[in-house]
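**Q** Sequence:
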Amino acid sequence: HVLRHRDRLSVESYEQEHGSLHELVKEYYAVQGLEGLLLSPRAPRKGDGFVCCSTCRHGLKASRAESRNPPKYSIANNFATGALPESLTIHLEDGTQRTFEVTEPSTRTCNFKVSPHDAAPVTMKMSAKFTQIPVNSSDAITGHKLQGITKDSLVVYEWDSDTCWIYVVLSRVRTLKGLYLIRPIRKSDIKAASKEYLEFMERMETLANLEVERFRTFHKGELMSD
Numbered sequence: 010h011v012l013r014h015r016d017r018l019s020v021e022s023y024e025q026e027h028g029s030l031h032e033l034v035k036e037y038y039a040v041q042g043l044e045g046l047l048l049s050p051r052a053p054r055k056g057d058g059f060v061c062c063s064t065c066r067h068g069l070k071a072s073r074a075e076s077r078n079p080p081k082y083s084i085a086n087n088f089a090t091g092a093l094p095e096s097l098t099i100h101l102e103d104g105t106q107r108t109f110e111v112t113e114p115s116t117r118t119c120n121f122k123v124s125p126h127d128a129a130p131v132t133m134k135m136s137a138k139f140t141q142i143p144v145n146s147s148d149a150i151t152g153h154k155l156q157g158i159t160k161d162s163l164v165v166y167e168w169d170s171d172t173c174w175i176y177v178v179l180s181r182v183r184t185l186k187g188l189y190l191i192r193p194i195r196k197s198d199i200k201a202a203s204k205e206y207l208e209f210m211e212r213m214e215t216l217a218n219l220e221v222e223r224f225r226t227f228h229k230g231e232l233m234s235d
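Using my numbering, the letters of the sequence shown map in sequence onto residues 10 to 235.
Just to be clear, a hint being listed does not mean it is correct.
[Unchecked claim] With a straight-line Cα cutoff of 30 Å, these simulated BS3-like cross-link-like pairs (lysine-lysine) come out:
1. 196 to 186
2. 204 to 186
3. 134 to 160
4. 200 to 138
5. 196 to 160
6. 200 to 160
7. 160 to 138
Hints were generated in silico from the structure; no laboratory data involved.
Construct all of the structure, not just a fragment, from the sequences and the given hints.
**A** This is the structure in structure tokens:
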């Protein structure tokens, strides 16, 4: 950006309009991340001679205007133009600094470690409200603890395989609004009575009828003898 140009301005006229050219060049290279870089004079004049073209002048102004938080590098000791310094200090966005040494000057590379930024521990607070609802397990509604008891609310999470178990469960809640099913009732959940069960009930009914008939016959004979 500092070079000879056929439309160049003289050092004196440029400094009269924009200030010290040497300070301007230092500001430009601070914006570009090369703070303190000294260039070899292209047109030595009175010890601090530079020739700056109008294109470079506009570039200097634009770079200063666009840069908000540029990285900064500290350069120590003298070195050839275009070479890397012995050590560089990087100012990171989080405000920390990292200094590293140039380990391979011939290839213009270096090795260094940048530790991750550890944020301060965050303490989280949460407000919660717990509401307890008296619940009886649906497994207990098979005719054991809840036989003869009616509930305002009922939550059923599993259907038993026993015959008529669904009817027993549903008959324990007052209204359908108080019934909560974890899953719908499937057709396979409703099981008819087995053949053995029906035969057993038929035998029990026959025995019951015989007992009733014997009772009536016995008491009828007593009434007639009286």
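**Q** Evaluate each hint against the coordinates.
**A** These are the hints, each one checked on the structure:
{"no.": "1", "hint": "196 to 186", "in the structure": "22 Å, holds"}
{"no.": "2", "hint": "204 to 186", "in the structure": "36 Å, violated"}
{"no.": "3", "hint": "134 to 160", "in the structure": "38 Å, violated"}
{"no.": "4", "hint": "200 to 138", "in the structure": "42 Å, violated"}
{"no.": "5", "hint": "196 to 160", "in the structure": "25 Å, holds"}
{"no.": "6", "hint": "200 to 160", "in the structure": "25 Å, holds"}
{"no.": "7", "hint": "160 to 138", "in the structure": "25 Å, holds"}
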